[in-house]
Amino acid sequence: MPTFVYMTDCDGCGECVDICPSDIMHIDPTHRRALNIEPNFCWECYSCVKACPQNAIDVRGYAEFAPMGHSVRVLREPEKRTISWKIKFRDGREKNFVSPIRTTEWGSIKSPSDYESPSQDDFRTQELAHEPEALNIDGLPTLTPLRPRQGVV
Amino acid sequence: MFTSNPFADLTAFLPPIAMQVYITLMIVAVALGTVADMLHKNSGKYFAQRLKNSQAAATRELSGADKASLAVKTIAIDVATAGEFCNVQRRISHVLMFYGFLFYVGTTAVMIFGYPTHATPTPMVIPLLWNIGVIMILIGGYWFFFFLRVNVVQDGQPLFRLVLADLFIVSLLGSVTFAFIWEIVQTGDNLTATKIAFGLYILFSTLLFCSVRWSKLAHMFFKPVVAFQRRVEEASGASSLPAPATRNERS
Chain V
1 MPTFVYMTDC DGCGECVDIC PSDIMHIDPT HRRALNIEPN FCWECYSCVK
51 ACPQNAIDVR GYAEFAPMGH SVRVLREPEK RTISWKIKFR DGREKNFVSP
101 IRTTEWGSIK SPSDYESPSQ DDFRTQELAH EPEALNIDGL PTLTPLRPRQ
151 GVV
Chain X
1 MFTSNPFADL TAFLPPIAMQ VYITLMIVAV ALGTVADMLH KNSGKYFAQR
51 LKNSQAAATR ELSGADKASL AVKTIAIDVA TAGEFCNVQR RISHVLMFYG
101 FLFYVGTTAV MIFGYPTHAT PTPMVIPLLW NIGVIMILIG GYWFFFFLRV
151 NVVQDGQPLF RLVLADLFIV SLLGSVTFAF IWEIVQTGDN LTATKIAFGL
201 YILFSTLLFC SVRWSKLAHM FFKPVVAFQR RVEEASGASS LPAPATRNER
251 S
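Protein sequence lines, in the order shown, are assigned to chains V and X.
Position 100, counted from 1, in the first sequence is what this note's numbering calls 100; the numbers after and before it change by one each time, with no gaps.
Position 251, counted from 1, in the second sequence is what this note's numbering calls 251; the numbers after and before it change by one each time, with no gaps.
It should be emphasised that the hints constitute simulated quantities derived from the structure, not laboratory data.
Please read these numbers as outputs of a predicted model, since none were measured by experiment.
Errors might be hidden in some of the hints.
Stated by the list, open to error - Below, in silico cross-link-like pairs of lysine-lysine (DSSO-like), each with a Cα-Cα straight-line distance of 27 Å or less:
no.: 1; chain 1: V; residue 1: 88; chain 2: X; residue 2: 45
no.: 2; chain 1: X; residue 1: 73; chain 2: X; residue 2: 216
no.: 3; chain 1: X; residue 1: 52; chain 2: V; residue 2: 86
no.: 4; chain 1: V; residue 1: 80; chain 2: X; residue 2: 73
no.: 5; chain 1: X; residue 1: 216; chain 2: X; residue 2: 41
no.: 6; chain 1: V; residue 1: 95; chain 2: V; residue 2: 50
no.: 7; chain 1: V; residue 1: 50; chain 2: X; residue 2: 223
no.: 8; chain 1: X; residue 1: 223; chain 2: X; residue 2: 67
no.: 9; chain 1: X; residue 1: 67; chain 2: X; residue 2: 45
no.: 10; chain 1: V; residue 1: 95; chain 2: X; residue 2: 52
no.: 11; chain 1: V; residue 1: 50; chain 2: V; residue 2: 80
no.: 12; chain 1: V; residue 1: 50; chain 2: V; residue 2: 110
no.: 13; chain 1: X; residue 1: 45; chain 2: X; residue 2: 195
no.: 14; chain 1: V; residue 1: 50; chain 2: V; residue 2: 86
no.: 15; chain 1: X; residue 1: 216; chain 2: V; residue 2: 88
no.: 16; chain 1: X; residue 1: 73; chain 2: X; residue 2: 52
no.: 17; chain 1: X; residue 1: 45; chain 2: X; residue 2: 73
no.: 18; chain 1: X; residue 1: 52; chain 2: X; residue 2: 223
Unchecked claim - Each pair of labels, with its calculated beta carbon distance range:
no.: 19; chain 1: V; residue 1: 40; chain 2: X; residue 2: 114; range: 51 to 61 Å
no.: 20; chain 1: X; residue 1: 72; chain 2: V; residue 2: 117; range: 42 to 52 Å
no.: 21; chain 1: V; residue 1: 127; chain 2: X; residue 2: 241; range: 52 to 62 Å
no.: 22; chain 1: X; residue 1: 109; chain 2: V; residue 2: 44; range: 45 to 55 Å
no.: 23; chain 1: X; residue 1: 40; chain 2: V; residue 2: 64; range: 25 to 35 Å
Stated by the list, open to error - Per the computed footprint, the stretches of chain V lying under chain X, defined by three or more beta-carbons under 8 Å from a beta-carbon of chain X, are:
no.: 24; region: 29-37
no.: 25; region: 45-59
no.: 26; region: 84-98
no.: 27; region: 116-130
Positions of the beta carbon are idealized from the N, C-alpha and C atoms, including for glycine.
Isolated chain X, as found in the complex (with noise of 0.2 Å):
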């Protein structure tokens, strides 16, 4: 079950050219949803901005090779092994979500675009891939919905309460949890069983990939560029905090 494509089977009832049209609209939506949220908070303009203060501030010029080194810090520490976390428990958890997911769409995206029909097999890795990006997502996902939420946990809101920073994590989780249950009920010949589990999961796809304007999912494409420019100012002498203290010897 965990080592066969199960968008191929779904030709009983959905022609492949129109997963592929669905992948598309989902592409352009998180794209137009990403531009909308830039535009909405001004989030451009910012960074421009901060990047035009930074350059007076700074106290010394960083080399390409400097930049280069700072790229390589970012994309090894903020990006690769969540290093923005201070709490341990989220780092793992995101970390599990983190590559979860760029396994579970990519993989997505293979299936549909490269073996959507039973006449061209799948290599088995991708759709062990496509599931074990799913058991992370559950558990990543799992874990932080219900045992990490700073919200329920630190405020004391109830667990069940839904506000609109939750909209990312439900979408998500409700996707993936969906598709677990799909390509599970897909082995059965229960053809309705598969259509209900099958159109949630798209229901809830839909809602991830078309929700970006007022979700967090965008996070993942200007994150990395915020911390990159932290670590830029921090090295050129342009941040505004402190300096680090001498050790304190008395103490």
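Just chain V, same shape as in the assembly (with noise of 0.2 Å):
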């Protein structure tokens, strides 16, 4: 089920076009508000759907299967770290969902780019980028270099 926006409700903040991996949220040029550029490419992550600080993006099912009348709209709360889900089908029925999306503060995860960029020698390296900082360990485990019995090889 592939995303779009109200934009009615859209505000244009951008929050969704930094964070949708597959990049195709983005701006409209006639009101300057968010838009799904490609629904066939929503590899539905419903990233923007939980990013979306104005509860203004949607999801809808492809037409063959979720036939129009459907609803599905989701609050995000960060201050109690829940997102809500509710789904009213055709007929009216609903399901409503809660869950916990977070264990620690919003805003807190530090971007790829908040970190220092990495040196030449850090490429030489068999760690990742921040690696071990990021993985709150002192030190990743190391492998010794092998060192062949003279005579076998």
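Once you've looked at the hints, go ahead and assemble the two chains, each given alone in its own frame, into the complex.
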């Protein structure tokens, strides 16, 4: 079920543009509001739905299995660290879900750009960027270099 | 300079009646543009549909006092302090432009209709408010144009690639910038420079008020109505959003 934007609710903050891993959330050049430019390429991670502070992004099923008339609304409450989903079926039935979404404060996770840029020496190590600090450990285990026995090789 | 009526000096080459006719024409242009915008987008039809749907979905009846309280909240939060913006910088920029625009347009009309010539001395506070309005728009507007436009900051579009969404901010900034330049140039004795600056001011002002059908100037009329309706829907239980969760105790 790809996402779409209620343009009258969107305030054009760009949070969804930043977070979309498929880079399909963009800004409409006529109204300067967000829109999903290619619903077929949406892999339905719902990152934009969860990130939207205005609750302006909704999800809609493909017409062949989800006829018009249903709705899937999302309410994110960062102060409570919850996200609530309200699924309304075409025949009027409703299902409501609430899930915890965070164990840490909202906004406390650093973005990759907030870390210091790696040096040339860092590229020569086997560790990935920001390891081991980002994993909250002192160091990663390493293998000792292979020392072939003399006379075998 | 900032406490004298700049429009009174215009009488050297422009009769007051011409300025008054121009203002009247611009008011008519804004009214026609707003109606054309509503007809084009079918805003009235969709809003009526939304009203009907929300009334059908309401779980509780709101009293007159409830609605009055919601109206006060809408004016205090959504209108007066641009509460819909989640980004603080955009909110401040919008507030600066909103009040600046009110001062700028309001005092322009007062000076042109009430004190068109030096024969009727203008109270100092009116040109001062006009200048304060101009400066507020310049600060809020250029801040928005260079640093806050979402299609530039988040979407990575080039700063000077203008799109239709920029029509309002560009024409507003053009109008106010050349108004300020014209006011300064007018204090010198160069009539040609004054006429050029004034011509550019009128050009951008005309663009601002005659492009309502394509720009977003009309949002100042319908946004408060939509904000009020949203509050009514939340209060009456007609909102399509899930109910707020109880606190997540385990986190």
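Taking the hints in turn, this is what the structure says about them:
1. Only pairs whose Cα atoms come within 27 Å are accepted, and residue 88 of chain V paired with residue 45 of chain X is accepted, the gap being roughly 24 Å.
2. Among the hinted pairs, residue 73 of chain X with residue 216 of chain X is consistent with the structure: their alpha-carbon atoms are about 24 Å apart, no more than 27 Å.
3. Under the criterion of a C-alpha separation no larger than 27 Å, the hint pairing residue 52 of chain X with residue 86 of chain V is consistent with the structure, at around 21 Å.
4. Proximity of residue 80 of chain V to residue 73 of chain X is assessed by CA-CA distance (about 24 Å); at most 27 Å being required, the pair is judged to hold.
5. The suggested pairing of residue 216 of chain X with residue 41 of chain X holds, with an alpha-carbon distance near 12 Å, which does not exceed 27 Å.
6. A C-alpha spacing of about 18 Å is found between residue 95 of chain V and residue 50 of chain V, which places the hinted pair at or below 27 Å, so the restraint holds.
7. Of the pairs offered as hints, the one joining residue 50 of chain V and residue 223 of chain X holds, with about 25 Å between alpha carbons and a cut-off of 27 Å not exceeded.
8. Only pairs whose Cα atoms come within 27 Å are accepted, and residue 223 of chain X paired with residue 67 of chain X is accepted, the gap being roughly 17 Å.
9. Between the alpha carbons of residue 67 of chain X and residue 45 of chain X the distance comes to roughly 23 Å, so the proposed pair stays at or under 27 Å and holds.
10. Among the hinted pairs, residue 95 of chain V with residue 52 of chain X is consistent with the structure: their alpha-carbon atoms are about 24 Å apart, no more than 27 Å.
11. Distance check on the hinted pair: residue 50 of chain V and residue 80 of chain V sit about 14 Å apart at the alpha-carbon level, within 27 Å; holds.
12. Under the criterion of a C-alpha separation no larger than 27 Å, the hint pairing residue 50 of chain V with residue 110 of chain V is consistent with the structure, at around 18 Å.
13. Of the supplied pair hints, the one linking residue 45 of chain X and residue 195 of chain X is violated, its CA atoms being roughly 45 Å apart against a limit of 27 Å.
14. For the proposed pair residue 50 of chain V and residue 86 of chain V, the alpha carbon gap of about 13 Å is at most 27 Å, so the pair holds.
15. Restraint check for residue 216 of chain X and residue 88 of chain V: the C-alpha separation of about 33 Å exceeds 27 Å, so the hint is violated.
16. Distance restraint check for residue 73 of chain X and residue 52 of chain X: the Cα-Cα separation of roughly 23 Å lies within the 27 Å cut-off, and the hinted pair is therefore satisfied.
17. A hinted pair counts as satisfied when its Cα atoms are at most 27 Å apart, and residue 45 of chain X with residue 73 of chain X qualifies at roughly 26 Å.
18. For the proposed pair residue 52 of chain X and residue 223 of chain X, the alpha carbon gap of about 19 Å is at most 27 Å, so the pair holds.
19. The supplied range of 51 to 61 Å is met by residue 40 of chain V and residue 114 of chain X, whose beta-carbon atoms lie about 60 Å from each other.
20. At roughly 51 Å, the beta carbons of residue 72 of chain X and residue 117 of chain V sit within the given window of 42 to 52 Å.
21. Take residue 127 of chain V and residue 241 of chain X: their Cβ atoms lie about 44 Å apart, and the range 52 to 62 Å is violated.
22. Taken as a hint, the range 45 to 55 Å holds for the pair residue 109 of chain X and residue 44 of chain V, whose Cβ atoms sit roughly 53 Å apart.
23. Between residue 40 of chain X and residue 64 of chain V the CB atoms are about 32 Å apart, so this pair conforms to the stated range of 25 to 35 Å.
24. Counting residues of the region 29-37 of chain V whose beta carbon lies closer than 8 Å to any beta carbon of chain X gives 4, which reaches the threshold of three, so the coverage claim holds.
25. Figure legend: the region 45-59 of chain V, annotated as covered by chain X; annotation consistent (3 residues with Cβ-Cβ distances under 8 Å, at least 3 required).
26. Counting residues of the region 84-98 of chain V whose CB lies closer than 8 Å to any CB of chain X gives 6, which reaches the minimum of 3, so the coverage claim holds.
27. Restraint check on the region 116-130 of chain V versus chain X: 0 residues with Cβ-Cβ distances below 8 Å, three needed, restraint violated.
When the structure is compared with the earlier hints, violations turn up for hints 13, 15, 21 and 27 and for no others.
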